[in-house]
Amino acid sequence: MTDFSSPKGVSRRGLLQGATALGTAALILPASVRRASAEPKRGGILRVAQASGSTTDSYDPATWDSQFVQVLHTARCGYLTEIAADGSLVGEVAESWEASADAMTWTFKLRDGITYHSGGNVTAADVVASINYHRGDESKSAAKPIVEAITDIKADGNNVVFTLNAGNADFPFIMSDYHLPILPSSDGKIDPMTKDGCGGYIIDSWEPGVSAKLSRNPNYWKTDRAWFDGIELVSILDSAARQNALITGEVDVIDPVDRNTVSLLERAAGIKILATTGTQHYVFPMDTRVAPFTDNNVRQALKYALDRQEMVDKILGGYGSVGNDHPIGPSNRYFNKDLEQHSYDPDKAKFFLKEAGMDRLNVQLSAADAAFTGAVDAAVLYSEKAAAAGITIEVVREPNDGYWDNVWMKKPWCASYWGGRPTEDWMFTTAYAAGAPWNESFWDNARFNELLIAARSELNEETRRAMYYEMQDLCANQGGTVMPMYASYVMGMSDKVAHPEVVAANWTLDGFRAIERWWFA
Amino acid sequence: MSAIWTMIAKRLGLGLLTLFVISVLIFGATELLPGDLAKNILGQSATPETVAAFRRELGLDLPAHTRYLNWLLGAVQGDFGTSLANKRPIADLIATRLGNTLFLALYAAAISIPLSLMLGVLAALYRNTIFDRTANALALSSISFPEFFVAYILIFILAQSGLFPSMSRVDPDTGFAETLYRTFLPALTLTLVVTAHMMRMTRAAIINLLASPYIEMARLKGMTPMRVILHHALPNALAPIITVVALNLAYLITGVVVVEVVFVYPGLGQLMVDSVAKRDFPVVQAVALIFAAAYVLLNLTADVLSTLSNPRLIHRK
Amino acid sequence: MKDTTEKPVLLTMRDIHIDGRSEETWSPIIKGVDLTLRKGEVLGLIGESGAGKSTLGLAAMGFTRDGCRISGGMIDFDGIDLRKASETERRALRGKRIAYVAQSAAASFNPAHKLIDQYSEAPVQHGIMSRAEAERDAVELYRRMRLPHPEEIGFRYPHQVSGGQLQRAMTAMAMSCRPDLIVFDEPTTALDVTTQIEVLAAIRDIVAQFDTAAIYITHDLAVVAQMADRIKVLLRGDEVEEADTRTMLSAPKEDYTKSLWAVRSYARPVQPPVTEGIPVVSVETVTAGYGAADILKNISFDIHKRRTVAVVGESGSGKSTAARVITGLLPPRQGRVLFDGAPLPADYRQRSRDQLRQAQMIYQMADTALNPKLRLRELIGRPAQMYLGLQGKALTERIRDLLRLIELEPDTYIDRLPSELSGGQKQRIGIARALAAEPKFIICDEVTSALDQLVAEGILKLLDRLQSEFDLAYMFITHDLATVRSIADEVVVMQNGRVVEQGPKPEMFQPPHDPYTELLLSSVPEMDPDWLTRLLKEREKKAGKG
Amino acid sequence: MNVLITLFWIAVAIAGAMAAGWLFRAAAVALTRGGTARALRTAPVTAGFGMLVILLYVLVALFAPLIAPYAEREVVGAQFLPWDSTHVFGTDNLGRDTLSRLIYGARNTVGIAFATTALAFAMGAILGLLAATVGGWLDQILSRIVDILMAIPALIFSLLLLTIFGTSVPTLILVIATIDSTRVFRLARSVALNIVVMDYIEAAKLRGEGLWRLITREILPNALAPLVAEFGLRFCFVFLAISALSFLGVGVQPPTADWGSMVRENAALITFGDVTPLLPAGAIALLTVAVNFVVDWMLHRASGLKE
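Chains as they are written, first to last, in numbering that gives the first Met the number 0: chain A, 0 to 520; chain B, 0 to 316; chain C, 0 to 545; chain D, 0 to 306.
Any given hint might turn out to be false.
Quick list of in silico lysine to any residue cross-link-like pairs, SDA-like style, CA-CA up to 20 Å [to be verified]:
{"#": "1", "chain 1": "C", "residue 1": "Lys296", "chain 2": "C", "residue 2": "Lys30"}
{"#": "2", "chain 1": "C", "residue 1": "Lys372", "chain 2": "D", "residue 2": "Leu213"}
{"#": "3", "chain 1": "A", "residue 1": "Lys212", "chain 2": "B", "residue 2": "Arg181"}
{"#": "4", "chain 1": "C", "residue 1": "Lys113", "chain 2": "B", "residue 2": "Pro88"}
{"#": "5", "chain 1": "A", "residue 1": "Lys194", "chain 2": "B", "residue 2": "Leu304"}
{"#": "6", "chain 1": "D", "residue 1": "Lys204", "chain 2": "C", "residue 2": "Ser351"}
{"#": "7", "chain 1": "A", "residue 1": "Lys40", "chain 2": "A", "residue 2": "Ala61"}
{"#": "8", "chain 1": "C", "residue 1": "Lys372", "chain 2": "D", "residue 2": "Glu201"}
{"#": "9", "chain 1": "B", "residue 1": "Lys86", "chain 2": "A", "residue 2": "Ile149"}
{"#": "10", "chain 1": "C", "residue 1": "Lys113", "chain 2": "B", "residue 2": "Arg181"}
{"#": "11", "chain 1": "D", "residue 1": "Lys204", "chain 2": "C", "residue 2": "Pro371"}
{"#": "12", "chain 1": "A", "residue 1": "Lys212", "chain 2": "B", "residue 2": "Asp172"}
{"#": "13", "chain 1": "A", "residue 1": "Lys108", "chain 2": "A", "residue 2": "Asp136"}
{"#": "14", "chain 1": "A", "residue 1": "Lys409", "chain 2": "D", "residue 2": "Leu213"}
{"#": "15", "chain 1": "C", "residue 1": "Lys30", "chain 2": "C", "residue 2": "Gly49"}
{"#": "16", "chain 1": "C", "residue 1": "Lys372", "chain 2": "D", "residue 2": "Ile125"}
Think of the hints as simulated: they come from the structure by calculation, not from any bench.
Whenever a hint applies, use it, and build me the whole structure from the sequences.
See the structure below:
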C-alpha cells in the first residue's frame, strides 16, 4: 500500500518503538538458506527499496521518523551500543560499560581508533554533545523522552559518565536507539545537519524522498562487517511497484512485501522471502472512559467476537501469530503460557453482552492504513465476524493523513500498533499504566498499577514471574485493548543476497543493519 | 497583431491575479488541515514549551495573516524561502523535480499529440467505419482504466519481459537517450491516458466542419478526401484542438502524481503530496503556484495560437 | 441570347431520380427529370425552395450531398457516364471540367486560406498549371471579373473582401481550369440589389468569353431572364416545363409557371397619408450606435395607426438598428422614441409590461426566432398568458383562435414543434406570437426575404388583412423594393445610417429621385431579358457624360 | 499463432457485441412506438450495443441483492480462492465473493457516480447558463472563480479537501462534484453563449420574461444535447477519480464495494498475470464505452449531420 501516512504517526512509531527487543526470537533459517549464507565476501552494490521516504526527510537526528532515514543513518553513523542479531547488547562506539551499584551512574569506555568519514577521531566530548543535543529545554528532538532520565553527562578522558535520576538496568539499551548517533562536535555542540558519521558507509548523494547512494567507508573499524562496496537506497511507496522492481531485478531487497501477494511473489524465480517475528503487534484500543467501553463485559464480548487466526491468515498472509489481548509475546521472558487463549466464540460474546444487559451492541471502529497495513481490512473482517454475536461494528475509514492527530486516542475505538518493548515493565509502563501518555485505552486498574510498581523492584524471579503473569491476565480479561495479532517483518530479496544465519528481529532489515551485516553470495 | 499583445498583457495580468488568489486558497487550506509542522515533527512527546520553541523558530507562532504576508513579500521578490521540514532552499528542492516533470510531460506530449492528431484525422476521414469505431472504442477503454492500472499492465507486459525498466530512476547525470529509455513506460502510460481525449476532440472538431459550404466547395473542386480534411477542415478546426491539447498538457504537468508514484519518478506531484502530509506550507505553495502558472500559461498559449490560427482575428479588414 | 442549337451536346441527364434520407426512410427529391445542355449554353433552373434545383445542379457533377443518393437515371458528361465512373474518375472531372459557384461566397471560401491559394488549388492539384502560372492566371481573371486591385486582392483572406467581390472571385476560381461547365447555385441571392448588377454582368461576360456552358440555378425570375438561354422550371422534384427564355417569359404554358410570373403583380390599395393625430410611434432625431461608431445619424419618422411604413435600404444602412432602438434593445445616444405621444424609456428593461406588449416584433429568420424546443401551444400561448393573464381553457381557446387567424388548423398544429412546419408556416407562427400580445404596433424585420415568392405573397396578404382587422401600425423593414411596392403606405429610404428620402409611396416611385433612391430603383431586375444589357449601357452613357 | 488466436477471439467478441446491439435495437424498435421507434431505427449498431449495456448495468444495480450469490460484505471463504463453480470469479483478499462484490459494486459505483455527476451538472449548468445569460460582471466573476479553481490540479485539490472534510460518501460526492462542476460551467456557458444571441432569446427578453424562465424554458432545452453528451463522459470520469483517490488513500468507505476501489485493492495481482483486477476495470471500461457510444449517437443526431 502506498503510505501517505502522517508524519505524526511515524514519529510516534519512532517513540513507541524506541528501544531494543531483549530476548526476541531470532530467525532460525532453513538449512538450504544457511548453506548459501556460509561465506561472507566483499563486493557488489546492494540496492534496497523501502516503502517509506519523503521529500521532507532530513539529516537532523532529532527528526528521524521513518524507516528510510533510520536505515540510511544507521549505515552512516555509529552508536554507543548495538543490539546484536540474537538480541543481546554489544558495544559499538563504546567498548564496554559499567554501572554503579544503584544503576544510577553509568560509565561507558570508548573504543580506540574509531574515526569519522572526514578523518577526525571519535572523542568523549562528541558523545556528550551528541546526547546533549536531544536534552534540555530547547531540545526539539523526538528522542527527548528517552533521554529525560539523564541528569548529567560528563566526559572523563576516554570515558563518558551518565548520571540518571533513578536506577535503570536497561540504560545501555537506550543508547542503541537510532536517534542517538555519535556525531562530530565542536564547542560542545554537534551540527545536526552534518553528513559526517563514523559508520560503515559514506553518503555520496541523497535526494530525500527519492534515493540515496552510499559507498563503503574504507577506514571502517569493523573488519567483519560492511561487505558491499556500495549501497543504493530507493524509496518506492507503491507496493506493486516495489514488487515489480524486485521481479525485474532492478533492486535486490524490498521491504516490506505486500502481504496480500507475498505468496505469489514467493513463487517467482530467483526470489526469496525473509520474515522475522518480534514483538510488533497490532491493537484495537477502546477508550475505557467512554460508554459502552466502560463496562468490562462489553470489552470481553468484543474480545471473543473476532477470529484471530483468520486475521493472521488474511491480513498478515500467515506471517504472524495470534495475540491474546496483552502485549507480552512468546519471546518475552515472563510470557504467560498458562493464560487461556481468547478465540472466536460468538456464544461467549453473547453471554458477556447479556451480562452487560444488552441484546445488541452497535459500535464504531475507526481505522486507516496509517495505523498498520491492512487495518481497514482487519476492521472489516472484525465487523463481519462480530455480526454473529449480535454486535454491529461500523467500520469508519479515516484519512491516513492526520490519523495520529485526529483519531488515535481521540475516537473511542480505533486501530493502532506497537513495535513492542524489550522488557515487560517498559511495555506495560508505556501503554497500560494509569496516566501514561500513551495509555491508549485510558485503562486504570488499581491492582494492575500496584503490581506494576511492585514488579519493577521485585528481585525474586518467581514472585516477579507470578506478578507479570497476573498482570497479563488482568490486561487480557479486564483491559481495554483488543490485541488480535503479532505481525512479522516480511522482506523480499533476490536469492543472490546472503545474510547471517541469525537475523535480528528487533527491527526490520536485520535491526536496520542489513546494509553492514549482509553480503552477496 | 497589437490586439494579440493587448490580449497577452491582459491575460498575464489576470493570470497573476489568479496565482495570488490561489496562493491565498492554498494557504487557507493548509491552515484548515489538522496539525502543523511543529507538532508533526515533534510528535506526541513534545511538551508545550518545546512545541512553542519549535514554532517560534519556524515562525509558526505568528498569526496566519502575518505568516502569509511574510511569505508573499518573499515570493514577490522571487524568494520562496526554505522548506520548513528540512531547511533546504525551495528553489533547489524544486529545480530538478520541475525539470523531471516537464521532461516527462514533453515526452508524453511528443508521443501523444502527433499520435492523437493522426488518429483523429484518420477517424474523421474514415468516419463511421470499422476503423473509426475500433479506434474510438480502444481509446475509450484506455481512458476508462485508472492510470495506475494501465501502468501495472504495461509493467507486466513490457517490464517483466525485460524490454523496459519498471522504475524510471533518473538523475542529472543520466544521458538523454538513457533517460528516454528509462522513462518510456511512464510516458507511454500518460500517452494512453491523454490520447483518447485529444483524438476524440480532433475527430469531432473536424467532423463538425464537414457540413460547411467551403468543405463542399473543396469536394466540388475535385480534391481528395484526405486533402479536404488536412487542407480545408483541419486549419479551421485548430482552435478547439489547440485548446484540448493545452488542457492535456496542463494535465501532464500537474496531474501525474499517481504515475510518478508507480514508476518511482521524482516529479513535482510527489513533492506536493509529501509536503501536504508534512504541512510544509512554503513548499506546498511553491508547487501549487508552479502548477497554476503552468495551467495559466498553457491556456494563454492556446488562446494566442488559436488566434494566430484564425486569419479573421489577425488580419483585420 | 445566343443560338446554341447547332453546338454539340455536353451534358445529358436522363430520367434522374434522387432520394434524400430523413430519419430512417428515403424519400424522392428529384423524380425523373431530363436535362440536356450543349456546349456554351446557359440553362436556367428555376423553382421554389424544395423544388430540387440545387440537388439537380450538383447531380450534373455526379455529386450528391450527404444523406442523398442518385437512385436512377443516367448522367453523361461529354461521353463519360458519371454514374458508372469511379469516384476517382468523377473527382478528376470536378473543378477541372465541371466547376461550381455557390450561393454564399463568404461561406464557401475557406476562411483559413488566401483567395489566390484557393484559386490555385484546383489547377495545381489537377496538374494543369504550376503554382506560379496559376497565380499569374488568377490576376488575369480577377481583372476580367472587374475586381478592384486584381494584383493584390488575391492575397487577402476571404473576410477582408466584400460580398460582391467575393462572389466574383469565386466565379473566377470556378474558371481557373477553364471548365466546360459551371453550375451557378443562386450566386447573387445573398447580395444587395446594387451589388447584384455588377456580379451578374461579370458572370455573364466571362461565361460568354470562354464559351462555357452553365447551369444557372435561382429562384429569381428576373435574374434568370438576364442570364439564361433556356429556362427549365422545377416543382417539387418534377419538371414543369422548359423553353427558351423569351418564349418562357412571354408565353408560359403551365399554370404553375404562370402563377410564378403573376406574383409580382400583388399590390394593395394605397391609403392616404395621415397628416393629423398622434402617431403610434414617433422616432425623433435619433442617433445611436455601438462602440464609438454611430450607426444611426439623426433619423426621424412617424408611423400612424393602420399605416405601413417601409424602411428600405441595403445591408449596413441602419434599418435594423432603427428597429432595435424602437424596441429598446439599443438605447439611443440622442433623440427619443414616442409611443402614442408619450416618450418610451430608452432601455426595454425599464419599460412596463404594457409598453412591452404594445410593440411587437416579427423576425426575418423564423428558424432562429422560434425556440425550436417549444411547441406551438407555448410559443403562441406564452404572450397571451403573460400579458393578458389567460389560463387553462381560455388560453387554449385563444391559442386556437390565433392559429385560425393565421390560417393554420388548430387541431393539427397546436402541439407541433417549429421543426415540423414549413418555412411559411413558421413565419405565420411568428405573426401569431406577435398578435397574441394584442399590440398596436408591429415591427416586421425582413419577414418575407427568406421565403419563396408565392409564400411571401401569402404572408403579405395575411399581414395586410390583420392590419385592417386590428388597426395595426407596421414598420416594415426590407431591402426588397418589390415588397415595398406591394405593401407600403409610406417609404423611408436609408443609406449609411441616414434617411435619404421619405414620403408616401406613390411619390417615392415617381421621379425625380434622390440619386441613391434612383440607383436602388433602377437596380431591381426586371423580367425583360434585355434589361441588364440596357441598364449597363445607360449607366455607361451617364458615366461617360459625367 | 497466439496473436492470431487472440485476434480471432477479439473479432468474435466484437461480432457478438454487435449482434447483441443489433438484436437489442430491433427489440427496442418493436417495443416502442412513434418518435422513439423512429429515432431508434436510425441508431447505429454501436448505439444499440451501448443502450443494451447501460440497461444491463441498471438492472444489475437495481436487482443486485437478487442476482448476487452472496452478500456484499459476507466473508465466504479463504482469501484469493481460484475461479470455480462456487465462486465464479474466486474470492478477494478477505475471502469475499468477487462476483457478488462486482454486482453490488454496480449499485454503489453507478449510484455514487450518478449522484456526483448530477450534482456537478446542477451546479455547473445553472451557474454557466446564468453567467452567459446575465453576462457583464456576474459572468466575469463566475468565470474568474472557475478559472482559479481549474488552475489547481483536480486530484491534489480533491485530496486536500477530502483530508480537511473527511471521506464520508456525501463529502466525496460533494468534493468531486464541486471540482467537476467547473468543467460543466465552462461547457454550459460556451453553449449558452451561442444560444443567447438567437432571436428567440431576444424575443423572450423583449417580452419581459424573467431570468429563471429565460434560463429554464428558453435556453436550457436548447443546450441539453451537448450537456447530456458531457454528462456521459463526466459520469465515467467519476469512477476514475474515485479510483485515483483510493490509490492515494481516500475513497469510498469499506466494506462498500465499488469498482474504483476494487481495482485499487487487487491491482497488484495483474503484475503476476492474474486477471482478477481486470474485472472491475473492465466493468468500468465497458460502461464508459457503452455510454459514449450512445452519447456519440445523440451528438450525431443533434448535429444534424446526415451520413
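Legend entry - Hints not upheld, ascending by number: Numbers 1, 4, 5, 7, 9, 10, 13 and 14 - these are the hints that the structure violates, sorted from lowest upward.
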